[in-house]
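Visitor: Sequence order for the protein chains is Z and R. Residue 55 in our numbering sits at position 53 of the first sequence, with consecutive numbering throughout. Residue 430 in our numbering sits at position 102 of the second sequence, with consecutive numbering throughout.
Keep in mind the hints are simulated off the structure, nothing from the lab. Heads up, the beta-carbon is just placed ideally off N, CA and C, and yes, glycines get one too. Treat the hints with care, as some may be off.
[As the list claims (entries may be wrong)] Simulated crosslink set (DMTMM-like; lysine to aspartate or glutamate; CA at most 20 Å straight-line): (1) K424/R with E54/Z; (2) K29/Z with E54/Z; (3) K424/R with E43/Z.
[Stated by the list, open to error] According to the in silico footprint, chain R covers these stretches of chain Z (three or more CB under 8 Å from chain R): (4) 30-44; (5) 47-59.
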Amino acid sequence: NAGVMQNPRHLVRRRGQEARLRCSPMKGHSHVYWYRQLPEEGLKFMVYLQKENIIDESGMPKERFSAEFPKEGPSILRIQQVVRGDSAAYFCASSPRTGVSELFFGSGTQLSVL
Amino acid sequence: AQRVTQPEKLLSVFKGAPVELKCNYSYSGSPELFWYVQYSRQRLQLLLRHISRESIKGFTADLNKGETSFHLKKPFAQEEDSAMYYCALSDTGGFKTIFGAGTRLFVKA
Chain Z
3 NAGVMQNPRH LVRRRGQEAR LRCSPMKGHS HVYWYRQLPE EGLKFMVYLQ KENIIDESGM
63 PKERFSAEFP KEGPSILRIQ QVVRGDSAAY FCASSPRTGV SELFFGSGTQ LSVL
Chain R
329 AQRVTQPEKL LSVFKGAPVE LKCNYSYSGS PELFWYVQYS RQRLQLLLRH ISRESIKGFT
389 ADLNKGETSF HLKKPFAQEE DSAMYYCALS DTGGFKTIFG AGTRLFVKA
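So that you can see chain R by itself, here it is in the shape it has in the complex (with noise of 0.2 Å):
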């Protein structure tokens, strides 16, 4: 079965120090994975896929398909990072699109 797994509700880090936003998955096939970003008072919105290999707003994510990780990291975090994080599976073809359950991210001045 399709799972998205976020083991932490909450990450909370110092201005300046390094993130890593945990998630793993489980799927049969070759998934695409995504990190959507909802900021305080607007919409949920794509924050980066796997497949464009790039990096937005200084996160990047790599994709180990051998644990099955799809983490999201940034060396440097800011206070305007502080934002619900949800990693996100969709199945080939893009019929279907699951989300794990979230991390919230507060970053301390």
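Chain Z extracted, bound-state conformation (with noise of 0.2 Å):
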């Protein structure tokens, strides 16, 4: 098992862009987490899917800011016309299923704005 696999490790846009960050679940998982890492702060929780649904949504930015997990492929967060502050580390994290709260992380993706 491969673990939680993230991609791309390292992204770089300019100011305007859009971003789209990867997260495959491990082998066996239907649930996904998305959280951002800033500078000197902790794991900030963005958002929660299953298969084809988003369960929780609280710490997402209303705007710019989309996830998606489908029923085949990766999970995607996706971020519309970045700016600098955009700029962080993004962890996925999966679990077999509700109720199982330990969380598996992938290695996460850094992403900096120009």
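Dock chain one against chain two, each of which comes alone in its own frame, and use the hints as you go.
Guide: Below, the structure is given as structure tokens:
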């Protein structure tokens, strides 16, 4: 089991461009969580998804950010019209089912906005 | 509102000394508490959870509901314990896990 896979590891974008971050959960896991980590801060919850459903997006900024977890393929965190303040490490985690609270993390994607 | 507070950003101790990483939380229900650890160049991973009541790598943590704390302790720190430690809280049902800001533990030889 390769674990949670995130790509790319590093992503550089200019202001106004779009950023797409991908996350493939562990085999057999149907729950995906996205977190953002700003310098000197902890992990901030963004969104929780199950296959084809957004369960909790209370941590997502209201504009420019969206997430999906299609029936086939990885989960995608999409940031439109990026700004410098979006520069951060974005982590994905997965779990096999609701109520199993242990999260398995990916290595993260470091987004840098120039 | 749910909140996890780790008051220390950095904790530096000598090898063999006791270590305690503090964690306080606020939650209106019955939360599940965790400690996650990130060693250098590795992924964030679960260290222990309060319901397991077990010792992992010599670390223990006791949930104190009266003080709303879940401090992580180890009687004799080792150099390999140097890492970033995050306290985390999961709501009932495990729908969302929130993390503290983390404490970097540095164990000196």
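Visitor: The structure should be examined with respect to each hint, and the outcome stated for every one.
Guide: Hints, verified against the model:
no.	hint	result
1	K424/R with E54/Z	holds, 18 Å
2	K29/Z with E54/Z	holds, 17 Å
3	K424/R with E43/Z	holds, 18 Å
4	30-44	holds (count 5)
5	47-59	holds (count 4)
In the structure shown, no violation is registered for any of the earlier numbered hints.
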